[in-house]
Amino acid sequence: MRFGVVVFPGTWSDCDFHYVVSEVLHQPVRYVWHRERELGQLDCVILPGGFSYGDYLRAGAVAGRSPVVEALRDFVGRGGLVLGSCNGFQILCEAGLLPGVLTRNECLQYRCQSTHLVVENIDTPFTRGLRAGQVLTMPISHGEGKYYADAETLARLKQQNLVVFRYADADGKVTKASNPNGSLDNIAGIVNPEGTVLGMMPHPERASETAMGGTDGLLMFQSLLGSLVEDGTFLKR
Amino acid sequence: MKVRVLVRLKPGIMDVQGAAVKRALAGLGFSEIADLRIGKVIDIELDEAKPGEARTRVSEMCGQLLANPILEDYAVEIVTDLAPREVAR
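If you're matching them up, the sequences are chains A and B in order. Residues 2 to 238 (the numbering used here) make up the first sequence, in order. Residues 4 to 92 (the numbering used here) make up the second sequence, in order.
Heads up, a few of these hints could be off.
[Said to hold, decoys possible] Calculated lysine-lysine pairs in the BS3-like style (CA-CA distance at most 27 Å, straight line):
| hint | chain 1 | residue 1 | chain 2 | residue 2 |
| --- | --- | --- | --- | --- |
| 1 | B | Lys43 | B | Lys13 |
| 2 | A | Lys177 | B | Lys25 |
| 3 | B | Lys13 | A | Lys159 |
For the record, the hints were derived by calculation from the structure and aren't laboratory data.
Modelling step: build the complete structure from the supplied sequences, incorporating the hints.
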């Protein structure tokens, strides 16, 4: 499976993702510079965390209108997979590739901590190897991760089962205390209706080797690898 | 043409920064503040002489980048002179 890791000025998780794909998964991967407009030969494009363009104006706002993200629209239209983590999720929302927006954490603190996520949707290439209700442990590291969408959008997300991860306690119970940033309905990650564009605030790349303290992030990558079909399409289940 | 854009959080959107600043001011004795909300000012100089055209172009800028319609409202003002540059002492 051919991966691309997008690098904006200010991206900081690019090397971590590149490392996991090349050294842990042993898959081909290349960096994609933010000015590139050609994503032709890739199967999955990763938008990593960081502070793209300094996060000036709003988190992910400038990156959401950059050449590579414009190219991403065609890529998604052709059925390519996109994983946005942390700033990548913010960029996908700002670009309109996912609904809603990430805004300032309710606690006003930058939160860098381990979180538990309950898996809500396993009908995506990213989560098809997981069980519904499974609890994953992954770190978060952000100041603007509070997911917000209007009531209509939230209802649509629920109705179409587009919420993939919610912050939960160790037993998988979705509680106020387990919500690190004030996200609406404890939302930690969502997907587009096609199941091909996933945005999440937690960092799967930072939970992909025992030396990192956990390997739950690797379960997502393994789901992805198992989803690729010979004709270049992806399995959802 | 000089144009000023005011970007504000929509009514009903929680402004956590505003709430923190309000608390800080209350701590300084300004306890009479009923509400405080923080927005952004963006001053733009355009190569455009017609106010109507300038307003239209800047509104397009707001729609495409300067404001996020999920969270924010914006107002566009044509200004004859942007804010004085001198710093208050």
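Results of checking the hints against the structure:
1. For the hint linking Lys43 (chain B) to Lys13 (chain B), the alpha-carbon distance of about 13 Å falls within 27 Å, and the restraint holds.
2. A distance of roughly 25 Å separates the Cα atoms of Lys177 (chain A) and Lys25 (chain B); the hinted pair therefore holds under the 27 Å criterion.
3. Among the hinted pairs, Lys13 (chain B) with Lys159 (chain A) is consistent with the structure: their alpha-carbon atoms are about 24 Å apart, no more than 27 Å.
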